[in-house]
Amino acid sequence: MESWRIFFTGVGGQGTLLATRVLGEAALLANIPVVVSEVHGMAQRGGVVESAVVIGEVRSPVISDGEVDILMAFEPLEALRAVRKCSASSLVICNTSPVAPFSVSSGRDQYPDVSDMMQAISSQVSNLIAYDARALAREAGSELSVNVVMLGTLMRHAKMPFDAKVVKKVLNTRTKKTFLEINLKAFDLGYEVL
Amino acid sequence: MHELLTAQSGSKKLLLGNEAIVRGALEAGISFATTYPGTPSSEIGDNLYQISQETDLYFEYSVNEKVALETAAAASTSGLRTMCSMKHVGLNVASDALMTLAYVGVKGGMVIVSADDPSMHSSQNEQDNRFYARFAGIPMLEPANSQEALDMAKAAFSLSESYGIPVLLRTTTRINHSRSVAEVGTLQDSRGDGSFVKDPLNLVPVPMVARRLHIEQLEKLKKLRLEADSSTFNRVEGQGSWGIVTSGVSYNYVMDAIREFNIADQVQVLKLGMTYPFPQALCLEFIEKVKKVLVVEELEPFLEDMIKVAAQEQGLTIEIKGKGDELLPRYFEFDPVLVKSAVARFFQLDYEPPRVEMSSDLPQRPPNLCAGCPHRASYYAVRQALGEVGAIYPSDIGCYTLGLLPPLAAADYLLCMGSSVSSAGGFSKAQDQPVVAFIGDSTFFHSGVTGLINAVQNDHNFTLVILDNGTTAMTGQQPHPGVELTAEGRQPPKVDIKALVRGCGVEQIVVVNPLQVEKTVAAIKEIMADRSGVKVVISKSPCPLFERRITGKKQKVVFRVTNECDMCRRCLDELGCPAFTYCEDETECAFIAIDEHLCSGCSVCKQICHAIRAKKKSA
Numbered sequence: 001m002e003s004w005r006i007f008f009t010g011v012g013g014q015g016t017l018l019a020t021r022v023l024g025e026a027a028l029l030a031n032i033p034v035v036v037s038e039v040h041g042m043a044q045r046g047g048v049v050e051s052a053v054v055i056g057e058v059r060s061p062v063i064s065d066g067e068v069d070i071l072m073a074f075e076p077l078e079a080l081r082a083v084r085k086c087s088a089s090s091l092v093i094c095n096t097s098p099v100a101p102f103s104v105s106s107g108r109d110q111y112p113d114v115s116d117m118m119q120a121i122s123s124q125v126s127n128l129i130a131y132d133a134r135a136l137a138r139e140a141g142s143e144l145s146v147n148v149v150m151l152g153t154l155m156r157h158a159k160m161p162f163d164a165k166v167v168k169k170v171l172n173t174r175t176k177k178t179f180l181e182i183n184l185k186a187f188d189l190g191y192e193v194l
Numbered sequence: 001m002h003e004l005l006t007a008q009s010g011s012k013k014l015l016l017g018n019e020a021i022v023r024g025a026l027e028a029g030i031s032f033a034t035t036y037p038g039t040p041s042s043e044i045g046d047n048l049y050q051i052s053q054e055t056d057l058y059f060e061y062s063v064n065e066k067v068a069l070e071t072a073a074a075a076s077t078s079g080l081r082t083m084c085s086m087k088h089v090g091l092n093v094a095s096d097a098l099m100t101l102a103y104v105g106v107k108g109g110m111v112i113v114s115a116d117d118p119s120m121h122s123s124q125n126e127q128d129n130r131f132y133a134r135f136a137g138i139p140m141l142e143p144a145n146s147q148e149a150l151d152m153a154k155a156a157f158s159l160s161e162s163y164g165i166p167v168l169l170r171t172t173t174r175i176n177h178s179r180s181v182a183e184v185g186t187l188q189d190s191r192g193d194g195s196f197v198k199d200p201l202n203l204v205p206v207p208m209v210a211r212r213l214h215i216e217q218l219e220k221l222k223k224l225r226l227e228a229d230s231s232t233f234n235r236v237e238g239q240g241s242w243g244i245v246t247s248g249v250s251y252n253y254v255m256d257a258i259r260e261f262n263i264a265d266q267v268q269v270l271k272l273g274m275t276y277p278f279p280q281a282l283c284l285e286f287i288e289k290v291k292k293v294l295v296v297e298e299l300e301p302f303l304e305d306m307i308k309v310a311a312q313e314q315g316l317t318i319e320i321k322g323k324g325d326e327l328l329p330r331y332f333e334f335d336p337v338l339v340k341s342a343v344a345r346f347f348q349l350d351y352e353p354p355r356v357e358m359s360s361d362l363p364q365r366p367p368n369l370c371a372g373c374p375h376r377a378s379y380y381a382v383r384q385a386l387g388e389v390g391a392i393y394p395s396d397i398g399c400y401t402l403g404l405l406p407p408l409a410a411a412d413y414l415l416c417m418g419s420s421v422s423s424a425g426g427f428s429k430a431q432d433q434p435v436v437a438f439i440g441d442s443t444f445f446h447s448g449v450t451g452l453i454n455a456v457q458n459d460h461n462f463t464l465v466i467l468d469n470g471t472t473a474m475t476g477q478q479p480h481p482g483v484e485l486t487a488e489g490r491q492p493p494k495v496d497i498k499a500l501v502r503g504c505g506v507e508q509i510v511v512v513n514p515l516q517v518e519k520t521v522a523a524i525k526e527i528m529a530d531r532s533g534v535k536v537v538i539s540k541s542p543c544p545l546f547e548r549r550i551t552g553k554k555q556k557v558v559f560r561v562t563n564e565c566d567m568c569r570r571c572l573d574e575l576g577c578p579a580f581t582y583c584e585d586e587t588e589c590a591f592i593a594i595d596e597h598l599c600s601g602c603s604v605c606k607q608i609c610h611a612i613r614a615k616k617k618s619a
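The listed protein sequences derive, respectively, from chains A and B. Using the numbering used here, read the first sequence as starting at 1 and increasing by one per residue. Using the numbering used here, read the second sequence as starting at 1 and increasing by one per residue.
The set of hints was computed from the structure by calculation and includes no laboratory data. Be a bit skeptical, because a hint or two may be false.
Claimed, not checked - Simulated DEER-style distance windows between Cβ atoms:
| hint | chain 1 | residue 1 | chain 2 | residue 2 | range |
| --- | --- | --- | --- | --- | --- |
| 1 | B | D595 | A | E139 | 20 to 26 Å |
| 2 | A | E181 | B | E518 | 45 to 51 Å |
| 3 | A | N127 | B | E183 | 22 to 28 Å |
| 4 | A | D113 | B | G533 | 15 to 21 Å |
Claimed, not checked - According to the in silico footprint, chain A covers these stretches of chain B (three or more CB under 8 Å from chain A):
| hint | region |
| --- | --- |
| 5 | 193-200 |
| 6 | 229-235 |
| 7 | 286-293 |
| 8 | 356-363 |
| 9 | 374-388 |
As the list claims (entries may be wrong) - Okay, derived cross-link-like pairs now, DSS-like style, lysine-lysine, Cα gap no bigger than 25 Å in a straight line:
| hint | chain 1 | residue 1 | chain 2 | residue 2 |
| --- | --- | --- | --- | --- |
| 10 | A | K176 | B | K519 |
| 11 | B | K498 | B | K554 |
| 12 | A | K165 | B | K554 |
| 13 | A | K169 | B | K553 |
| 14 | A | K177 | B | K308 |
| 15 | A | K176 | B | K498 |
| 16 | B | K498 | B | K556 |
| 17 | B | K606 | B | K519 |
| 18 | B | K616 | B | K553 |
| 19 | B | K617 | B | K553 |
| 20 | B | K494 | B | K525 |
| 21 | B | K429 | B | K519 |
| 22 | B | K616 | B | K606 |
| 23 | A | K176 | B | K308 |
| 24 | B | K554 | A | K168 |
| 25 | A | K176 | A | K165 |
| 26 | B | K289 | B | K220 |
| 27 | B | K498 | B | K519 |
| 28 | B | K321 | B | K291 |
| 29 | B | K323 | B | K308 |
| 30 | B | K553 | B | K525 |
| 31 | B | K323 | B | K289 |
| 32 | A | K177 | B | K554 |
| 33 | A | K169 | A | K185 |
Quantities reported herein were computed from a predicted structural model and do not represent experimental measurements. Yeah, the Cβ is synthetic: ideal placement off N, Cα and C, and Gly gets one too.
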């Protein structure tokens, strides 16, 4: 059996934990071994939120620097910060819509140019899919569904050991009724990203 | 119904380690549970609380870990199966009770969960609580994944009950906060009411009793050592002449290393789940079969030292290594590459760790107090009131510790829960600068009160600001004795903070709403007019996240910066509210804006700047 070591990074409030949970539940449904590790507590409150989903024969709940197969970056600056987790063969899926850290919004730091950051990432990894997931989430009906848009893209491009339908099935049980339609549309829009 | 109650026996669930522990306890027929919340243990209590609303389980958020353990001990002595959970440093608070509970023993099975935090994701230290098992002399189990967390939690109750001794279930962040697949078993009904049989010559450890109890406890440990030797949680995997001994989460890293190096036919792994009393016979049998032994465990050389002692007693001289010699560190959590590197070095395998390129000089993103957080307003008011003079700010443990960073810079000294109050007293007696201490409401109840009584008794001179946001915010909004907002509406607090402070002997007390900036600054100036004595400012305003969740109250206004703004930057430089943004337009002309989505409508900024106005929040 192969393994899929997927690292999620984002900012508090972007729904990384729900995304990891959904992916983990999908693996369980497909009867494939899975370990999900989450970050709770102090790390939230506007800070960086990192989590990991490890699918297949790997048992370790954390992923070392340089050993991530797929990086799911919900924010471009955090994508660049997390690129240390990747190797040359990693796939990076990155939302290009920035969330400014406080040092930037207070005018003390400059937010790096997004296209420069994407260039820096693609100089280190073979496969980068970067797009404005926030725009697609808005199109689906809510900016809060950036996480589900990104899952859609993952299921299209990452050669996962289970089908996109399995993930949708989990979305059915794990998202609030009022958001379900939006989330399913968000997933499809993410899936369409080439 | 709660998912942990509805999961069918035999079904497989993707359980958080903390959920697995709760399910294990339910499968053991738990009747009674106590906790004081603390990351990474909090979800154990939160799930037990929810379950207690649907079953006859008794659950309480106790005022601190010592109280939680003593309350639980009485339930267990009354014959009930009992769980008491806390974070690692919580066990320090409870340790006074623990050391003697180990002598006095228990009746109903009692499991104490210690959630350690290697790498200090949310803690002030990374102490290795396995030493508490040895220090107190109680058996210990260490799960490696959610399945084991469930199985061990369940088995721990029986083990505890058979030997009449509490069992330590020792976990780490990567067990508590990882989800992995666990097959659940059958739920067991709880035992209903307990009963207490008077037995002072066994339950009251005056010296003559305690001397006998200590000897009896050591006898129990002797038998428990045999139990550890034959425990199904302790097993040998694989074959070959190289040996690895491991426990807890490290086991996963070891097994991944063996698979990746393809050395399963060369290595035997002694996987320990019951790590205290140390399974000496099993371990000796293991090391006699191998040529050299690597011990893979996070933090302290707990197993390593015991293995070396066992080997020495047996006259074995084989190489046993773990910590040091560029193998494994005594600090921080492990990861797969770290363990692979140690395995490769020790067994002389070819391995090149991945080359890692760090991205340097990126803007940092530290966690910050939320927009509208009343702590920010309290800090701002204290700074305004003190002006240039300033003060030493002993702080405490909670969201408000995030006020450490500029521009608030409102934390100068911190040790542990409650240390703000006592250290403030010490500073006031040891040096001349004014002292203003900050403590949260839940932390004040936890262990601030005793420091305050001490300060009054010993004539300390400082001002204590109790940041009363009406909940235990940092760990997930758990209740405490002073809670007023509940799902059933606003109620009088069980314990009124002001009355409590007065009862501690403090005469100068003022209650302020920090969101009223001018009044708060004036009140602080007034109470601090002279510096002698102990003064208390109760800065009372609910955590906005908590208030919104509990009351469902909709926010009506947000604030905006008008064109009267003269770019003085006070809002950015003194408040540090994350809703503010410094922007530049197309002509590179700078302006300041407020993010409507982030603004919580607290109005503090409007009170410090004439250019900020309210507007109706768009739907």
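We went through each hint and held it up to the structure:
1. Taken as a hint, the range 20 to 26 Å holds for the pair D595 of chain B and E139 of chain A, whose Cβ atoms sit roughly 22 Å apart.
2. For E181 of chain A and E518 of chain B, the Cβ-Cβ distance of about 48 Å falls inside the hinted range of 45 to 51 Å, so the restraint holds.
3. About 37 Å separates the C-beta atoms of N127 of chain A and E183 of chain B, a value inconsistent with the hinted range of 22 to 28 Å.
4. Between D113 of chain A and G533 of chain B the CB atoms are about 57 Å apart, so this pair departs from the stated range of 15 to 21 Å.
5. For the region 193-200 of chain B, the assignment as covered by chain A is violated, since 0 residues bring a beta-carbon within under 8 Å of that chain's beta-carbons and 3 are needed.
6. Only when three residues or more bring their CB closer than 8 Å to a CB of chain A does the claim for the region 229-235 of chain B stand; here the count is 0, and the claim is violated.
7. Residues of the region 286-293 of chain B with a Cβ under 8 Å from some Cβ of chain A number 0, which does not satisfy the need for three, so the listed coverage is violated.
8. Check result for the region 356-363 of chain B against chain A: holds, 6 residues qualifying (beta carbon to beta carbon below 8 Å, three or more required).
9. With 0 residues bearing a CB less than 8 Å from a CB of chain A, the region 374-388 of chain B misses the requirement of three and the coverage assertion fails.
10. Between the alpha carbons of K176 of chain A and K519 of chain B the distance comes to roughly 43 Å, so the proposed pair goes past 25 Å and is violated.
11. The suggested pairing of K498 of chain B with K554 of chain B is violated, with an alpha-carbon distance near 29 Å, which exceeds 25 Å.
12. A C-alpha spacing of about 37 Å is found between K165 of chain A and K554 of chain B, which places the hinted pair above 25 Å, so the restraint is violated.
13. Among the hinted pairs, K169 of chain A with K553 of chain B is inconsistent with the structure: their alpha-carbon atoms are about 33 Å apart, more than 25 Å.
14. Restraint check for K177 of chain A and K308 of chain B: not satisfied, since their Cα atoms lie roughly 58 Å apart, outside the 25 Å limit.
15. Between K176 of chain A and K498 of chain B the CA atoms are separated by roughly 41 Å; this puts the pair beyond 25 Å, and the hint is violated.
16. With a C-alpha separation of about 31 Å, the suggested pair K498 of chain B and K556 of chain B falls outside the 25 Å cut-off, and the hint is violated.
17. Of the supplied pair hints, the one linking K606 of chain B and K519 of chain B holds, its CA atoms being roughly 14 Å apart against a limit of 25 Å.
18. Between the alpha carbons of K616 of chain B and K553 of chain B the distance comes to roughly 15 Å, so the proposed pair stays at or under 25 Å and holds.
19. A distance of roughly 13 Å separates the Cα atoms of K617 of chain B and K553 of chain B; the hinted pair therefore holds under the 25 Å criterion.
20. Pair hint K494 of chain B plus K525 of chain B does not hold up; C-alpha atoms about 31 Å apart against a cutoff of 25 Å.
21. Proposed proximity of K429 of chain B and K519 of chain B is contradicted: the alpha carbons are some 30 Å apart, above 25 Å.
22. Distance restraint check for K616 of chain B and K606 of chain B: the Cα-Cα separation of roughly 14 Å lies within the 25 Å cut-off, and the hinted pair is therefore satisfied.
23. A hinted pair counts as satisfied when its Cα atoms are at most 25 Å apart, and K176 of chain A with K308 of chain B does not qualify at roughly 55 Å.
24. Restraint check for K554 of chain B and K168 of chain A: not satisfied, since their Cα atoms lie roughly 32 Å apart, outside the 25 Å limit.
25. Proximity of K176 of chain A to K165 of chain A is assessed by CA-CA distance (about 18 Å); at most 25 Å being required, the pair is judged to hold.
26. For the hint linking K289 of chain B to K220 of chain B, the alpha-carbon distance of about 30 Å lies beyond 25 Å, and the restraint is violated.
27. This hinted pair checks out: K498 of chain B and K519 of chain B have alpha carbons roughly 19 Å apart, not beyond 25 Å.
28. Distance check on the hinted pair: K321 of chain B and K291 of chain B sit about 12 Å apart at the alpha-carbon level, within 25 Å; holds.
29. Between K323 of chain B and K308 of chain B, the direct Cα distance comes to roughly 12 Å. Compliance with the 25 Å bound is thereby established for this hinted pair.
30. Taking the CA atoms of K553 of chain B and K525 of chain B, the gap is about 33 Å. The hint is violated against a cut of 25 Å.
31. Between K323 of chain B and K289 of chain B the alpha-carbon distance is near 22 Å, which keeps this suggested pair within the 25 Å criterion.
32. With a C-alpha separation of about 21 Å, the suggested pairing of K177 of chain A with K554 of chain B holds against the 25 Å cut-off.
33. Proposed proximity of K169 of chain A and K185 of chain A is supported: the alpha carbons are some 13 Å apart, at most 25 Å.
Hint check: violations occur at hints 3, 4, 5, 6, 7, 9, 10, 11, 12, 13, 14, 15, 16, 20, 21, 23, 24, 26 and 30; the rest are consistent with the structure.
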